[in-house]
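J.: Order-wise, the sequence lines are chains A and B.
Per the working numbering, the very first residue in the first sequence carries number 1438; after that it's consecutive.
Per the working numbering, the very first residue in the second sequence carries number -3; after that it's consecutive.
Worth flagging that the hints you see were computed from the coordinates, not collected in a lab.
Computed from a predicted model, the values in this text were never measured in an experiment.
Built from N, CA and C at the ideal position, the CB exists for glycine as well.
Any given hint could be a false lead.
Straight-line C-alpha distance at most 30 Å; calculated DSBU-like pairs for lysine-lysine [unchecked claim]:
#1 B:Lys170 - A:Lys1644
#2 A:Lys1507 - A:Lys1610
#3 A:Lys1659 - B:Lys170
#4 A:Lys1610 - B:Lys52
A few chain B residues that don't get close to chain A, going by computed Cβ distances all over 12 Å [stated by the list, open to error]:
#5 Thr28
#6 Gly249
#7 Leu364
#8 Gln375
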Amino acid sequence: MTDTFLLDDQTVPFTPGQTVMQAALAAGHHIPHLCYHPEFHPHGSCKLCTVKVNGRNATGCTVPAQTGLKVENDIEELRTLRQALVQMLFAEGNHFCPSCEISGNCQLQALGYDLGVMSAGFRHFFPRRPVDASHPDILLDFNRCILCELCVRASREVDGKDVFAFSGRGIHKHLIVNAATGRLADTQATAGDKAMHVCPVGAILHKRVGFAVPIGERRYDKTPISAQALAFAPRPAVGEGGEA
Amino acid sequence: MTRSLESACHPETLRRVAIDPVTRVEGHGKVTLLLDDDNQVHQARLHIVEFRGFEKFIQGRPYWEVPVMVQRLCGICPVSHHLAAAKAMDQVVGAHRLTPAAEKLRRLMHYGQILQSHALHFFHLSSPDLLFGFDSDVARRNIVGVAAAHPEVARQGVLLRKFGQEVIRVTAGKRVHGTSAVPGGVHKNLSLAERDGLLRDVYQMIAWGREAVALVRSLFEQNLPLYEDFGSFAAHGMGLVRADGALDLYHGGLRARHLDGSTLFDHLDTDRYREVIQEEVKSWSYMKFPFFRELGPEGGWYRVGPLARVTQCDSIPTPFAERERRDFLAFEGGAAARSTLGTHWARMIELLHAAEVIKALLQDDDLLSTDLLVQGARQRTGIGIIEAPRGTLIHHYEVNEDDVVEFCNLIVSTTHNNQAMNESIRVVARQHLDGREITEGLLNHIEVAIRAFDPCLSCATHALGRMPLVLELVDGSGGILDTRMTPGS
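From just these sequences and the hints, can you work out the full model?
T.: Here it is as structure tokens:
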């Protein structure tokens, strides 16, 4: 007998150890997210995946799936909350989509479209954040960092380099690199690192290739991010249990 | 020269009339006139009241982002900024000779831009003045009025512009703010379907381009005394020419002619623009005033754009446009070629030329090639100069070893024409306003002179159409005596 929980009144099967997010995506139900990545341990920081679990707000990427849970996801209250979260991410940084080379490949932008974010919502901070272009192959544009911590996790868990970390607290929290000079060029970072390929926005850029792919032919130009999240969600192999 | 009208001796004793904003131009500017009790004009200034700051905030950005970012300067001719920046960045990545496909695709994009911009300006913005009269009923002095009274003219204008926009779409990826020009080439070729779609219509565009030239000529023939003198003045001129002296709007050397017809410099490598051009700042305008170094700020200002280009080139390398150029220069002993309103005629010759160039390019199979990018040795300086619809456009960047822009200098077409536009409104003020009671129709004469230059005052805004015309009568102590607001056109 398969374990199940209810997601928006629909039965979702899960295998022990899966989170609500993993089970939902595998079953074809999209829960919006930014800091969740199927290859890394959940972080629960962006809060986009906030769902109601038995009536209480919780991040879907961290809540373990359990039999009998009643999870609400696609409801107006959460849609409004998620729109505000996306608006706040835009307001905190400098996200100028019209001239951003990652436009069309950006998960924040794609999620904004997906959630129907039609206005700024908040007064933008317009922070002054110079880029770090010191590395020969990688450019860090801190203007676009959304603090998902994926690069931190990738560098630590996969690359074993600890190139990235966070510094500061609260609204002053920001991404730093592990070098006395504060320059990426003075770290062990290389373009082939996993950390250089997980940024969901345009904060970690590979130099000199920015507009090689035409606008209109980019990843989220063709298919909404929600559909892709479902299409590429890890699923347990047939006949196997355990974590995907 | 009418430079004496730049600053009145005792402005405190004069009353001020403002045209704010100037309508049916791209961007936002105003004109102020200072008049005495007898309505004699003592001061006339065109003020550019927008501040953009692109030169500053492009600093610190990676160089490959620049061709996309800077085109946000303008919604009317973003292609010109896109390509001027791309040409500059070609130098930065050491791409001193593009592949044939890349250069032709860029040229196609550029001439599509010339076509659509010239059509927009002549048919939508200026033809109401020319077809109905400068002081005609303001209620119909607009493109809607043209569509009602001259439906075929309006239709051709709209469809010419649409065709130019379509050329831009297939080459740049979007009708406005495309991204295809990248440092070292382009990222997209033309598909057969795209090419054939354009080829189907291009012959009609050439035919309509010829009709547009004939229309301006007929306007000159019907109103020669007015058209010959209106806002006219002698000026030095500058533009790009090909190695053989022919008109080339995408690439070439700089040619400048003195107002007496002598040559100031010719085939000057565009990388050396700073040796011949300097910019001056004035307190009453956000737009700088460039001048030829050799002649100084007082006498060194000059004119760019269609009139300068068509009168200075040795030939136009397409047959219909070349024929029209010769007729234009010969008309009434050169009367049209010397007049401010002759800019409209020259502009339509360029529109015709653009349509012919587009046809020739579409017949070239290189457009279908996938050999689109080259690179070479990196260098620090990138200077890209192109002939935008309104005139010579200069983009200059310094890029450091980390690939970040450290310096940016942009001299846009309308900036070159700053003093020339001011001269023109001063001529008009003396010709038509001195001693007369100010009316809306008379003030529109000032705007007609400005519109001849097709200024893009911020080189950014998309404003056209219904902008209100606000007139303020101000006494010598600055008090507002009367304000009139009329619906814009």
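J.: Please go over all the hints and tell whether each is borne out by the structure.
T.: Now the hints, each set against the structure:
1. As the CA atoms of B:Lys170 and A:Lys1644 are separated by approximately 24 Å, the hinted pair is consistent with the 30 Å bound.
2. Taken as a hint, the A:Lys1507 and A:Lys1610 pair is broken in the structure, with Cα atoms around 34 Å apart against an allowance of 30 Å.
3. Under the criterion of a C-alpha separation no larger than 30 Å, the hint pairing A:Lys1659 with B:Lys170 is consistent with the structure, at around 16 Å.
4. Using a Cα cut-off of 30 Å, the hinted pair A:Lys1610 and B:Lys52 holds, with the two alpha carbons roughly 27 Å apart.
5. With a cut of 12 Å on Cβ distances, B:Thr28 stays outside the contact zone with chain A, its closest approach being about 33 Å.
6. Every CB of chain A is more than 12 Å from the CB of B:Gly249 (nearest about 29 Å), matching its label as outside the interface.
7. With a closest Cβ-Cβ approach of about 16 Å to chain A, B:Leu364 is found to remain outside the 12 Å limit, as its non-interface label requires.
8. No Cβ of chain A comes within 12 Å of the Cβ of B:Gln375; the nearest lies about 14 Å off, and the non-interface call holds.
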